[in-house]
Amino acid sequence: QTVVTQEPSFSVSPGGTVTLTCGLSSGSVSINYYPSWYQQTPGQAPRTLIYSTHTRSSGVPDRFSGSILGNKAALTITGAQADDESDYYCVLYMGSGFLFGGGTKLTVL
Amino acid sequence: EVQLVESGGGLGQPGGSLRLSCAASGFTFSSYTMNWVRQAPGKGLEWVSNIGSSSDSIHYADSVKGRFTISRDNAKNSLYLQMNSLRAEDTAVYYCAKMRFPYYYMDVWGKGTTVTVSS
Chain A
1 QTVVTQEPSF SVSPGGTVTL TCGLSSGSVS INYYPSWYQQ TPGQAPRTLI YSTHTRSSGV
61 PDRFSGSILG NKAALTITGA QADDESDYYC VLYMGSGFLF GGGTKLTVL
Chain B
110 EVQLVESGGG LGQPGGSLRL SCAASGFTFS SYTMNWVRQA PGKGLEWVSN IGSSSDSIHY
170 ADSVKGRFTI SRDNAKNSLY LQMNSLRAED TAVYYCAKMR FPYYYMDVWG KGTTVTVSS
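Taken in order, these protein sequences are the chains called A and B.
Here the working numbering is used: the first residue of the first sequence is 1, the next is one more, and so on.
Here the working numbering is used: the first residue of the second sequence is 110, the next is one more, and so on.
Looking at chain A on its own, in the form it has when it is part of the complex (with noise of 0.2 Å):
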């Protein structure tokens, strides 16, 4: 059964930089898995902010960026402000439908 990995938690410094990691069980994302991230505070519908590996959703800011570093994807908070303080998933697509990561609870402080 493929699982998507990603870090449990993260903390980053207000101004900081921090990168979230998303990986597969077995063998590597690439961009053929059109990786998505999504931002969720509590009791929030999920946000979408990374489409296709790199693309920012409209309204985004530009301290977001995503990419794919080795064999993972991977999500770039520059400039980490407190309203940053969220949980992050990494959903990729299997083909028929998608695959979410455990997500990753990040803390700015």
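Honestly, the hints are just simulated from the structure, not real lab data.
Among the hints, a few may not be true.
Said to hold, decoys possible - Simulated crosslink set (DSS-like; lysine-lysine; CA at most 25 Å straight-line):
1. B:220 - A:105
2. B:152 - B:174
3. B:152 - A:72
4. B:152 - A:105
5. A:72 - A:105
6. B:220 - B:185
7. B:152 - B:220
Stated by the list, open to error - Beta-carbon label-pair distances, calculated as ranges:
8. B:161 - A:55: 21 to 31 Å
9. B:193 - A:8: 29 to 39 Å
10. A:27 - B:178: 28 to 38 Å
11. B:225 - A:19: 29 to 39 Å
12. B:122 - A:59: 38 to 48 Å
13. A:60 - B:198: 28 to 38 Å
14. A:69 - B:123: 43 to 53 Å
15. A:16 - B:125: 45 to 55 Å
16. B:228 - A:15: 36 to 46 Å
Unchecked claim - Residues on chain A that point at chain B, a partial pick, calculated with CB under 8 Å:
17. 10
18. 14
19. 41
20. 46
21. 48
22. 51
23. 52
24. 91
25. 93
26. 96
27. 97
28. 98
29. 100
30. 102
Heads up, the beta-carbon is just placed ideally off N, CA and C, and yes, glycines get one too.
Use these hints to put chain B onto chain A, whose structure you have.
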């Protein structure tokens, strides 16, 4: 304004059934693949099912296959999820989400409806 509004959540009995609905507005519903995604209390997001624009293509996560049925009515701009043989582990907030082709991601989400399975 593009909007998705889920309804139909509530308390379901183990082994029982519930039917969720998602009303779409602000876009041409009949042109898009639609998805259901759920989130158990305190847990991460889990993709449940999707259905092609003309109901030609339907897929399920293994965890719900054979118990849940996704459908849509394009004339009513509505998406449905028939949930049978409910289990405690189906307790979750259920979101409907529009898929954007050919980028294969979910660009519009509803606010969710809560399903609780308990006796």
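Evaluated hints:
Using a Cα cut-off of 25 Å, the hinted pair residue 220 of chain B and residue 105 of chain A holds, with the two alpha carbons roughly 21 Å apart. Proposed proximity of residue 152 of chain B and residue 174 of chain B is supported: the alpha carbons are some 21 Å apart, at most 25 Å. With a C-alpha separation of about 23 Å, the suggested pairing of residue 152 of chain B with residue 72 of chain A holds against the 25 Å cut-off. Restraint check for residue 152 of chain B and residue 105 of chain A: satisfied, since their Cα atoms lie roughly 11 Å apart, inside the 25 Å limit.
A C-alpha spacing of about 18 Å is found between residue 72 of chain A and residue 105 of chain A, which places the hinted pair at or below 25 Å, so the restraint holds. Restraint check for residue 220 of chain B and residue 185 of chain B: satisfied, since their Cα atoms lie roughly 20 Å apart, inside the 25 Å limit. At roughly 17 Å between alpha-carbon atoms, residue 152 of chain B and residue 220 of chain B fall within 25 Å of each other, so this suggested pair holds. Look at residue 161 of chain B against residue 55 of chain A: about 23 Å separates their beta carbons, and that is inside 21 to 31 Å.
Between residue 193 of chain B and residue 8 of chain A, the C-beta spacing of about 34 Å keeps the proposed range 29 to 39 Å intact. Judged by the Cβ atoms, the range 28 to 38 Å given for residue 27 of chain A and residue 178 of chain B holds: they are separated by roughly 31 Å. For the pair residue 225 of chain B and residue 19 of chain A, the beta carbons lie near 37 Å from each other, so the given range of 29 to 39 Å is met. Our hint of 38 to 48 Å for residue 122 of chain B and residue 59 of chain A holds, since their Cβ atoms are close to 42 Å apart.
The hint said 28 to 38 Å for the Cβ distance between residue 60 of chain A and residue 198 of chain B, and at roughly 33 Å that hint holds. At roughly 44 Å, the beta-carbon separation of residue 69 of chain A and residue 123 of chain B lies within the given 43 to 53 Å, and the hint holds. Range check, residue 16 of chain A to residue 125 of chain B: Cβ separation about 49 Å, and the 45 to 55 Å hint holds. The hint said 36 to 46 Å for the Cβ distance between residue 228 of chain B and residue 15 of chain A, and at roughly 51 Å that hint is violated.
A cut of 8 Å between beta carbons decides the hint on residue 10 of chain A: the least distance to chain B is about 15 Å, and the hint is violated. About 26 Å separates the beta-carbon of residue 14 of chain A from the nearest beta-carbon of chain B, more than 8 Å, and the hint is not met. Taken as an interface hint, residue 41 of chain A does not check out: its beta carbon lies about 13 Å from the nearest beta carbon of chain B, beyond 8 Å. Among the interface hints, the one on residue 46 of chain A holds; its C-beta lies about 6 Å from the nearest C-beta in chain B, closer than the 8 Å criterion.
Because the beta carbon of residue 48 of chain A sits about 6 Å from the nearest beta carbon in chain B, less than 8 Å, this interface hint is met. Look at residue 51 of chain A: its Cβ gets to within about 4 Å of chain B, closer than 8 Å, so that hint holds up. Hint on residue 52 of chain A holds. Least Cβ distance to chain B is approximately 5 Å, under the 8 Å limit. Taking 8 Å as the C-beta cut-off, the interface hint given for residue 91 of chain A holds, the closest approach to chain B being about 7 Å.
Below 8 Å, beta-carbon pairs count as interface contacts, and residue 93 of chain A has one with chain B at about 4 Å; its hint therefore holds. Checking residue 96 of chain A against chain B by beta carbon gives a least distance of about 4 Å; that is within 8 Å, so the hint holds. At its closest, the beta carbon of residue 97 of chain A sits 5 Å from a beta carbon of chain B; the interface hint therefore holds under the 8 Å criterion. Annotation: residue 98 of chain A was flagged as interfacial toward chain B, and the flag holds, the nearest CB pair being 4 Å apart, inside 8 Å.
Given hint, residue 100 of chain A at the interface with chain B, holds; its Cβ is 5 Å from that chain's nearest Cβ, closer than 8 Å. For residue 102 of chain A, the interface hint holds, since its Cβ comes within 8 Å of a Cβ in chain B; the closest pair sits about 5 Å apart.
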